[in-house]
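4 protein chains.
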Amino acid sequence: MYFASDNAGPAHPKVLEALTRANAGYAMGYGADPIMDDVRALIRDAFEAPDAMVHLVINGTAANAIMLATMTDPWDTVFCTPMAHIHEDECNAPEFYTGAKLTLVPDLDAKMTPDALEAAILKEENRGVHGPQRGPVSITQVTEKGTVYTLEEIQALTAVARKYGLKTHLDGARFANAMVALGCTPAEMSWKAGIDAVSFGGTKNGLIGVEACIVFDPAVSRPFELRRKRGGHLLSKHRYLSAQMEAYMTDGLWTWMAEQANARCARLTAGLRRIAHVSLQYEPAANMIFFQTTRAHHKRVLDGGAVYYVMDGDEQAGEPDEFLTGRLVCDWSMTDTGVDQFLALMAG
Amino acid sequence: MYFASDNAGPAHPKVLEALTRANAGYAMGYGADPIMDDVRALIRDAFEAPDAMVHLVINGTAANAIMLATMTDPWDTVFCTPMAHIHEDECNAPEFYTGAKLTLVPDLDAKMTPDALEAAILKEENRGVHGPQRGPVSITQVTEKGTVYTLEEIQALTAVARKYGLKTHLDGARFANAMVALGCTPAEMSWKAGIDAVSFGGTKNGLIGVEACIVFDPAVSRPFELRRKRGGHLLSKHRYLSAQMEAYMTDGLWTWMAEQANARCARLTAGLRRIAHVSLQYEPAANMIFFQTTRAHHKRVLDGGAVYYVMDGDEQAGEPDEFLTGRLVCDWSMTDTGVDQFLALMAG
Amino acid sequence: MYFASDNAGPAHPKVLEALTRANAGYAMGYGADPIMDDVRALIRDAFEAPDAMVHLVINGTAANAIMLATMTDPWDTVFCTPMAHIHEDECNAPEFYTGAKLTLVPDLDAKMTPDALEAAILKEENRGVHGPQRGPVSITQVTEKGTVYTLEEIQALTAVARKYGLKTHLDGARFANAMVALGCTPAEMSWKAGIDAVSFGGTKNGLIGVEACIVFDPAVSRPFELRRKRGGHLLSKHRYLSAQMEAYMTDGLWTWMAEQANARCARLTAGLRRIAHVSLQYEPAANMIFFQTTRAHHKRVLDGGAVYYVMDGDEQAGEPDEFLTGRLVCDWSMTDTGVDQFLALMAG
Amino acid sequence: MYFASDNAGPAHPKVLEALTRANAGYAMGYGADPIMDDVRALIRDAFEAPDAMVHLVINGTAANAIMLATMTDPWDTVFCTPMAHIHEDECNAPEFYTGAKLTLVPDLDAKMTPDALEAAILKEENRGVHGPQRGPVSITQVTEKGTVYTLEEIQALTAVARKYGLKTHLDGARFANAMVALGCTPAEMSWKAGIDAVSFGGTKNGLIGVEACIVFDPAVSRPFELRRKRGGHLLSKHRYLSAQMEAYMTDGLWTWMAEQANARCARLTAGLRRIAHVSLQYEPAANMIFFQTTRAHHKRVLDGGAVYYVMDGDEQAGEPDEFLTGRLVCDWSMTDTGVDQFLALMAG
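Keeping their order, the protein sequence lines are chains B, U, Y and A. For the first sequence, position 84 (counting from the first letter as 1) is numbered 84 according to the UniProt record's numbering, and the numbering increases by one without interruption. For the second sequence, position 243 (counting from the first letter as 1) is numbered 243 according to the UniProt record's numbering, and the numbering increases by one without interruption. For the third sequence, position 233 (counting from the first letter as 1) is numbered 233 according to the UniProt record's numbering, and the numbering increases by one without interruption. For the fourth sequence, position 195 (counting from the first letter as 1) is numbered 195 according to the UniProt record's numbering, and the numbering increases by one without interruption.
This is chain B alone, in the form it adopts within the complex (with noise of 0.2 angstroms):
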């Protein structure tokens, strides 16, 4: 019954056993590792751009503030959400590699909307060199509240930052989530949809860490690299961080696990609903739930062993019936039984 994040649960055994494959031998470093080959032609192969700048990092805050600097200058801001993983959980990291600064555009369940873009990017219009200047635009998909924008909302999105001259970027730490739960092709969710730079994640849906940075602008490529050194995050034995994405991007394995943490999340969802005084936040589109519910329902809950993250307030100390948002995340490796002991815990 651990709900805590879809970065808790184990890394797929596919993904074990592509290390130690890739263990045999000698091979080059740095990204010369001939794996690495096969990476990038696999990504632009389900990307369908095959000219698309792809380099590995070992985390979502290394890709996010890594490819967000290469298209940023250090006196832009870059328009976001208020809950913006990149504002809100990454300690200041793409302020320290952009320079830059961060602009908070209002959400609607999580999601930007154009109209709020567009006010915020009105609103640093008048001020000459005194003012930041207008940099990119970054959204997540799945939201950091588990909703998902539709191709629609992504592409009225890019509609506006580009009519200002904007570039976009996706934070995709659960891209195969969203992209599942929209029954999508990946270049349907990025560049189809106007979107520059996606920070693909592979950690939160079944690797060990890795995520790749793709900017379907390849002259990007070379600052990217120099930009990833610089930051310390180029690693000698990437051979490592290759296998782990190869393995990902074979045979379907990450549709795969994206398509069982949703599956998984549903039934959660599903079961929720039934449950007296439990109320849903969001609409949970892909592998996260956020619900109200009593303290002291929580408390019977995580002390009967289940594992979730209480948002808002102590579950152990307070009054007992006041309500508390809690968090759910479905991993790739969530079984059913773990749901239904889980909501029979809830219901209990």
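Since the hints were made in silico from the structure, they are not lab data. Just to be clear, a hint being listed does not mean it is correct.
[Said to hold, decoys possible] Here are some of the chain B residues that sit facing chain U, going by a computed Cβ distance under 8 angstroms:
(1) Y2
(2) S5
(3) P10
(4) N23
(5) A24
(6) Y26
(7) C91
(8) L182
(9) C184
(10) T185
(11) T203
(12) G209
(13) G231
(14) H233
(15) L235
Since the model is a prediction, treat every value here as computed from it, not as a measurement. All C-beta atoms, glycine included, are put in the ideal place defined by N, C-alpha and C.
Since the structure of chain B is provided, determine the placement of chains U, Y and A on it from the hints.
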């Protein structure tokens, strides 16, 4: 016959087994995994430093840059040799993380000397706020040229640093190889010799990609953690770093691997001394050799299947009788047979 | 009829006379000029702070950014209002100097409220190393909208900051105007109200370009000096900064000039209240007015020779009856005649 | 007898008169003052560069650091000599603004040589993304040791830079003194000699504190302005910078002042040559002299009322017969009488 780098060989099988063991079930992320508790205990025990800060990162550049940042103000200068990895091979990562600059202290056989250090420190003396201020001293052990500081040499350097109130950092990407070469303990080669902070390398010595950051003053721990996160270097699935380092520190695997590499290097050194026209540039003391021979000789050996770097020129074009430097590095997995094949090819 | 900014008017003649006096002969540079000793004494005396750090820089952006940098770690966030000069008008200078980010605290009439501050502080509470850490609180007095914090309001904010161990910074680009408006002493509006650091403005109040950086904890002085130098903000011919500030602090010139500006602004405010269709957006408390009237009205007045900024739209194009905001700022040199001419034009 | 620095003397009276003239009435701020239009025209005209970017800042450190930042990526290294002001006297400001590092190119008489430059460039050649990348070349004219590059020497250096696609920067804190010494035009000593960017000094040559930043490719202008603002170096009351520079460029004041300083220095040089035990370290070519004499001699002269820096030791303590280096700098206001008094004291 692969002598290009000790980061080109495989990880030890026990390391992969440890990853597989660590992969079972759910675990807390971001360094809160239980294996990390073991790692911390193992390293503190090995270093006889029960209070030391111990954190893990993915590579030596991150270890050096983040740890130096905790010891340096942005108006300081870091003292190192002209061939220091932090100067030559990290694409400005130390400058990025510290905000400071580096002052190059002349070396003897790639080793900083106390006199040169003191002269460099004194040179920064008389400029008030105009010049950079004196920051920490960073030395590399095994040096970038394969030589090894004796304990007395380290003590003499840290004594100079201490005289001027400066901290000291040891870039120990090849810590194990040096320690084995000296036949000393971890403590003797670090805090007992006056060192304040150690980049304790695992990647070049049989791991997939882990270095421990060890600082003997535990007050640095919290700022280190925040700098690590801000640099994008905190891994969510941290257990896979912990597992590697745990295997490394268990049953002497780390020293055994270094012994293997050093023994192969000694055999290689002895063999090279018997080959005409080949001269050693430095006295190889651990697992790395710099040697000179003619371009024609290099070309014949490389064409014959050996893999290593020729440092200061193109081995394929130019005067055949020009002498060029080659670098040979032995990793733990190198065999006597591999060494002997190479020597036969060289001698041939 | 020039109301565009209080940095658009002339310097007081005494300031130029002081420059001329200071110009005689040779003087030590970089702040070691004897006039600076007088300045330090004058400011410490005015602030009843015999140990305070006092240094000079050329403008408010430098004062704010460098002083905040001495109070902030690069993983922190600085609390300020959405209209703070450090957020809107310094092109990322605070981020550049601090390495940190800003958290926007909602305002009431451009003033931060204690409740909003505490809520913002608490929101940064539960993320461990993942989110930015709590840094200093920065408020602006006179605010960017012409309102003035009462001493009690400042005390309430600094009490919240202190409750969480946070330092406080006062952006006093218009310190004199606020102090005159409140009828208090410099100490009452700064350290006696709990403020740790003051950007003490001179440029907007009759100087050529000088601000004093005042920190009541003198331990900050050396790091401040090094950050100032590293930012390129230490002047070799420092005596010309000192001379301006000495003139400012002598015989009450600074308060006299602020009184002049405030008195003109009061006359202007009273006059505007009598003009149809004109409404004040905030209660003008010092030397700055925000007012609304129709685009057609703005256009007529501006075409008639008045100079001021129309903030949220183009006064030349658009619906003539749309209401737009204008900003009027009085400097020390504004005359009653100038005010009355403007009012006549407005009323006409 | 004040020879400590050319930033220790007074500004020329015409400069103060210009400030007083500029002080009349209201003026647009932030570089939009009408005097700046004149300044831009005067400088473009003097440099025969009708499209050049021309902006003003307060000092040489700001000019160097901000301009270099427009020419440098943060993964680059800037080539300069070991005694370059940007290396020794700016407390890491160039590193702060560029994010890059400096590579020290050996000098001959404080001048970079083409061979040493090419060797330094080549040394950065073979490291791919691991090492810093080649950035701009920065030279100082007059050099930090009082020597002057001939036009041919500058051309030879810029030819090397151009061969490798590198930009060139001239730190011209004493541009006028060098130009007068060479008897050439501004264009000949800058773009006609292959220089891309000039820090055009005024502060050391009779102004209060202004340097012009001149870049012959005007595309740099906008990024420069944003970097200047982000560094806190855009002045609101910019007219007082403009007025100084206008006076400087009018009726040959700038060359006249440099001629004065150089003439005094020539007189001083000739006199020193006649004094026993005094030896010149470099051939003084403009307005600065480095000379050696005994500690006892220095002490007697300094005790006699002369003011200058003794560079490499304490003139008050130590062996009386040890030779120490003194630095003498003449500013525009030095008189023949002052020189002769000093020489008499020295000879005495």
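Hints, one by one, checked against the model:
Proximity of Y2(B) to chain U holds as hinted, the smallest CB-CB distance being about 4 angstroms (cut-off 8 angstroms). Look at S5(B): its Cβ gets to within about 6 angstroms of chain U, closer than 8 angstroms, so that hint holds up. A hinted interface residue such as P10(B) counts as satisfied when its beta carbon comes closer than 8 angstroms to some beta carbon of chain U; here the least separation is about 5 angstroms, so the hint holds. Hint status for N23(B): holds, given a least beta-carbon distance of 5 angstroms to chain U, under 8 angstroms.
Hint status for A24(B): holds, given a least beta-carbon distance of 6 angstroms to chain U, under 8 angstroms. Below 8 angstroms, beta-carbon pairs count as interface contacts, and Y26(B) has one with chain U at about 4 angstroms; its hint therefore holds. Given the 8 angstroms rule on beta carbons, the hint for C91(B) holds: about 4 angstroms separates it from the nearest Cβ of chain U. Taken as an interface hint, L182(B) does not check out: its beta carbon lies about 25 angstroms from the nearest beta carbon of chain U, beyond 8 angstroms.
At its closest, the beta carbon of C184(B) sits 26 angstroms from a beta carbon of chain U; the interface hint therefore is violated under the 8 angstroms criterion. Given the 8 angstroms rule on beta carbons, the hint for T185(B) is violated: about 27 angstroms separates it from the nearest Cβ of chain U. Among the interface hints, the one on T203(B) holds; its C-beta lies about 6 angstroms from the nearest C-beta in chain U, closer than the 8 angstroms criterion. With a cut of 8 angstroms, the hint placing G209(B) at the interface with chain U holds, because the nearest CB-to-CB distance is about 5 angstroms.
The criterion of a C-beta within 8 angstroms of any C-beta in chain U is met by G231(B), whose closest approach is roughly 6 angstroms, and the hint holds. Taken as an interface hint, H233(B) checks out: its beta carbon lies about 7 angstroms from the nearest beta carbon of chain U, inside 8 angstroms. The interface hint given for L235(B) is met, as the beta carbon of that residue sits about 5 angstroms from the closest beta carbon of chain U, less than 8 angstroms.
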